[in-house]
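Enquirer: The chain contents come next:
Number of protein chains: 2
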Amino acid sequence: MNPQSSPLLTDLYQFTMLQAYFDEGMNETAVFEFFVRDLPQRNFLMAAGLEQVLQFLENLHFTPEELNWLADCGRFNTDFIDFLKTLRFTGEVHAMPEGTLFFPHQPILRITAPITQAQLVESRIINLLHFQTLIASKAARSVLVAPGKLLVDFGLRRAHGAEAGLLAARAGYLAGYSGTATVLAGVQFGIPLYGTMAHSYIQAHADETAAFERFAHSQPTNTVLLIDTYDTETAAEKVVKLAPRLQPIRIKAVRLDSGNLSEHAHNVRRILDRGGLSEVGIFCSGNLDEHEIARLLAQGAPIDGFGVGTRLDTSADAPYLDCAYKLVEYAGQPRRKRSEGKATWPGRKQVYRINAADGSLDHDILTLENDVQAGAPLIQPFMLSGKRLAAPEPLEESRRRAAAELARLPERLKQLETSPQPYSVEIAPALRQLAEAVDRIAH
Amino acid sequence: MNPQSSPLLTDLYQFTMLQAYFDEGMNETAVFEFFVRDLPQRNFLMAAGLEQVLQFLENLHFTPEELNWLADCGRFNTDFIDFLKTLRFTGEVHAMPEGTLFFPHQPILRITAPITQAQLVESRIINLLHFQTLIASKAARSVLVAPGKLLVDFGLRRAHGAEAGLLAARAGYLAGYSGTATVLAGVQFGIPLYGTMAHSYIQAHADETAAFERFAHSQPTNTVLLIDTYDTETAAEKVVKLAPRLQPIRIKAVRLDSGNLSEHAHNVRRILDRGGLSEVGIFCSGNLDEHEIARLLAQGAPIDGFGVGTRLDTSADAPYLDCAYKLVEYAGQPRRKRSEGKATWPGRKQVYRINAADGSLDHDILTLENDVQAGAPLIQPFMLSGKRLAAPEPLEESRRRAAAELARLPERLKQLETSPQPYSVEIAPALRQLAEAVDRIAH
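Protein chains in written order, with the numbering used here: chain L, 446 to 888; chain A, 446 to 888.
Take these hints with a grain of salt, some might be off.
[As the list claims (entries may be wrong)] The calculated lysine to aspartate or glutamate pairs, modelled on EDC-like cross-linking and capped at a C-alpha distance of 16 angstroms, are:
(1) L/787 - A/676
(2) L/686 - L/718
(3) L/594 - L/737
(4) A/832 - A/537
(5) A/787 - L/676
(6) L/530 - L/510
[As the list claims (entries may be wrong)] So the derived label-pair ranges between C-beta atoms look like this:
(7) A/886 - L/718: 29 to 35 angstroms
(8) A/483 - L/819: 54 to 60 angstroms
(9) L/655 - A/862: 48 to 54 angstroms
(10) A/864 - L/704: 27 to 33 angstroms
[What the hints assert, rightly or not] Not close to chain L: a few residues of chain A, all C-beta gaps over 10 angstroms, as computed:
(11) 505
(12) 523
(13) 801
(14) 810
(15) 834
(16) 854
(17) 866
No lab work stands behind these hints, which were simulated from the structure alone.
Bear in mind the structure is a predicted one, so any value in this text is a computation, not a measurement.
All residues carry an ideal CB built from backbone N, CA and C; glycine is no exception.
Whenever a hint applies, use it, and build me the whole structure from the sequences.
Expert: Structural data, given as structure tokens:
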């Protein structure tokens, strides 16, 4: 069973509920929406992961092996297993396109389908949308603080498993990163790849200069030398001495990975410039995030690019979003959960974005789908009757949208610090009235 | 390409280094060790993920599709691609068995192999060991604070991707959780599954009692009712009224997922007991972690079990470990990285564990492999010449080891708070002497 596509990658309660719906003959149209309840130390979020959700939905089916497991586990009856045999996703998907910025309580995805289908896919839809949105939203912050700098995802090794490594590379690139070190992400998503050498390469050689020299001859167009294995400044001097001997191979950059990066970058820049290597770049890595990058750049550290790993791929300062996939309508009736602290807005919703005179984001209106407002509606149809309405959007196009969206952010929301004046999202009267009406119904 | 087994799920620099080693004719035996530099708000760590590493290594090979991609990407030469065609893992694996507790700077895995092999596998080995060790170490903390309680992993939806959801379920079970909600983790690892209904099930019915009743008839042996969709105490009263009508079906438990769980649990317990339902359990979920569980139990909340989701599967308070996979020997010569703040101990190492008189852990000795000490050596051989020395260890056996290890922890290290007296790990004189000798070599 392939974990990325198997419908068994879900919570057991989806199947116990499906068995109950099946027994009850309940399979009317349900509408679920995915949204985030609040912002964790962020001024905005960036929608990501829709493409993987669409792939999952269009391939949704049970293999004979999966059906056998369900039949043999002793929890479900034969008629229900027969029903699952032919289950496919035949519903609708409405969503904000990837790269769109969004705010609390705004749905970024709506599923409209028979309740068995819409319920079954809950766990994996959240799993896919949550993670890429989490990482894109985090990555966008370093993109904002380091304009013009090379930003590379280095996070695979401490990402939470294989898929996290791959999808973090994708979400980072979507948000504006230059590329990734993760080869398979290059293969699968066409993301530019970056990478040169580890400390072990230097250590495996008896002599540091010999390691630099041999690497340059092996990778003449990709000569980035890691210079902090023993002593950073000493290694920079070795690079200066080596450079003439390497001609016509030109050293592209040096990489620093430890210590006081600002201080070392200043020293190394001076050593390289004095040695006639002013065209050699300085690339830094090691426990970086957007705060550290901003700090280094504010200090005027002469750094040309950053490798950002663990703290990006785990979204270390906010490793999850308080998101949900909630039933908002069943069989034509709006629904609302009223659990303490977790109440949701009922009905099919739309978000209208109102721009300021200079084209920047001014405020949004959250309302019902059929309550048309001024401004651009952000939620668009992507799938009807289980079929895509268009070919998959190229990642480069989503990435351009993300860049355009970030450019339109008001200055206060581009800052790393949480703005005391959050983005304004008005709840339209139509939506408030529906919520009140739903609350008057006894259960 | 299967992300879980593809050798392209790695950092690009592994391939640029391999090409350089190939060009230089360097392929002597390298020894790498995986260890964690320090403890993040933890008194101990629990080793996990070895089984997945062994699977990865014994299946290591390049498919024609992967070789074609590497050949076509323009970075590598034909002879090198030919060399990769027949590359397999032919080396040795020494490790601490899964479920073993360990401490900073203690290797939990050692790879001994030709440097091309040992280097190539770095990224995925870290990716696998880091994540499961992170989650097992987090899960063990709720196991310690909630003895005798049912603990279920609910984290798939906000785990970082598909593999994270699966492996978090495995690591949690290894550390002592009772089971998981993730169906595919039950399929792949034989972990007990738990799950009943979501709020959407209640909401899809016009009437809450009708939802309870129908679910009970559909799942007569698994009747756990979610009672916080509208008003928790009102729903508990409905459960009491419904119970006689359901006979002979017996309600197993109710679940609370929002609000003040301690207060609601007390109220609900009173309502159920007064209604003759003292055998109906109370199961809680919703933003839980070990601190919240400890707080609820300290308040005497009458809760029988906990569903722990996001904060477990993302290890939210410490979403990564400062771990590394470092070269400690090449071609028979010990190696050491000296980068500032990141220096490593050279040579092949062993950890000896010394017990106190009562059988609890007293202290460890970190030394060289050949420097035999009193106490039990924790690092054992698992693979020689690329072949496993024994069949995969059943997960239940690793889980028993984990339980035995936790039972042997000194009381101060069982607490959630970081102990002012951390576990003592002595560095043996033989290891210190080797580090000094290595430092005298110029590079």
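Enquirer: For the pair supplied as a hint, residue 686 of chain L and residue 718 of chain L, confirm whether the alpha-carbon distance does not exceed 16 angstroms.
Expert: holds, 13 angstroms
Enquirer: Need the status of pair residue 594 of chain L, residue 737 of chain L: alpha-carbon distance at most 16 angstroms?
Expert: Between residue 594 of chain L and residue 737 of chain L the Cα gap is close to 14 angstroms, so the pair holds against 16 angstroms.
Enquirer: Would the hint linking residue 530 of chain L and residue 510 of chain L be met if the CA-CA limit is 16 angstroms?
Expert: holds, 11 angstroms
Enquirer: Hint says 54 to 60 angstroms; check whether the CB-CB distance for residue 483 of chain A and residue 819 of chain L agrees.
Expert: holds, 55 angstroms
Enquirer: Okay, residue 655 of chain L versus residue 862 of chain A on CB: inside 48 to 54 angstroms?
Expert: holds, 50 angstroms
Enquirer: Are the Cα atoms of residue 787 of chain L and residue 676 of chain A separated by 16 angstroms or less?
Expert: Satisfied, since the Cα-Cα distance of roughly 12 angstroms is no more than 16 angstroms.
Enquirer: Just to be careful, I want the Cα atoms of residue 832 of chain A and residue 537 of chain A compared with a cutoff of 16 angstroms; is the pair within it?
Expert: holds, 8 angstroms
Enquirer: Starting from the range 27 to 33 angstroms, see whether the pair residue 864 of chain A and residue 704 of chain L falls in it by beta-carbon distance.
Expert: Distance hint for residue 864 of chain A, residue 704 of chain L holds at roughly 30 angstroms.
Enquirer: Given the proposed pairing of residue 787 of chain A with residue 676 of chain L, does the C-alpha separation stay at or below 16 angstroms?
Expert: holds, 12 angstroms
Enquirer: Could you check that no beta carbon of chain L comes within 10 angstroms of the beta carbon of residue 523 of chain A?
Expert: Given that every Cβ of chain L is farther than 10 angstroms from that of residue 523 of chain A, nearest at about 14 angstroms, it holds.
Enquirer: With 10 angstroms as the threshold, tell me whether residue 801 of chain A passes as away from chain L on beta-carbon distances.
Expert: Per Cβ check, residue 801 of chain A is outside 10 angstroms of chain L; nearest 34 angstroms; holds.
Enquirer: When you look at the beta carbon of residue 834 of chain A, is every beta carbon of chain L farther off than 10 angstroms?
Expert: At roughly 26 angstroms from the nearest Cβ of chain L, residue 834 of chain A sits farther out than 10 angstroms, so the non-interface label holds.
Checked against the numbered hints given earlier, the structure satisfies every one of them.
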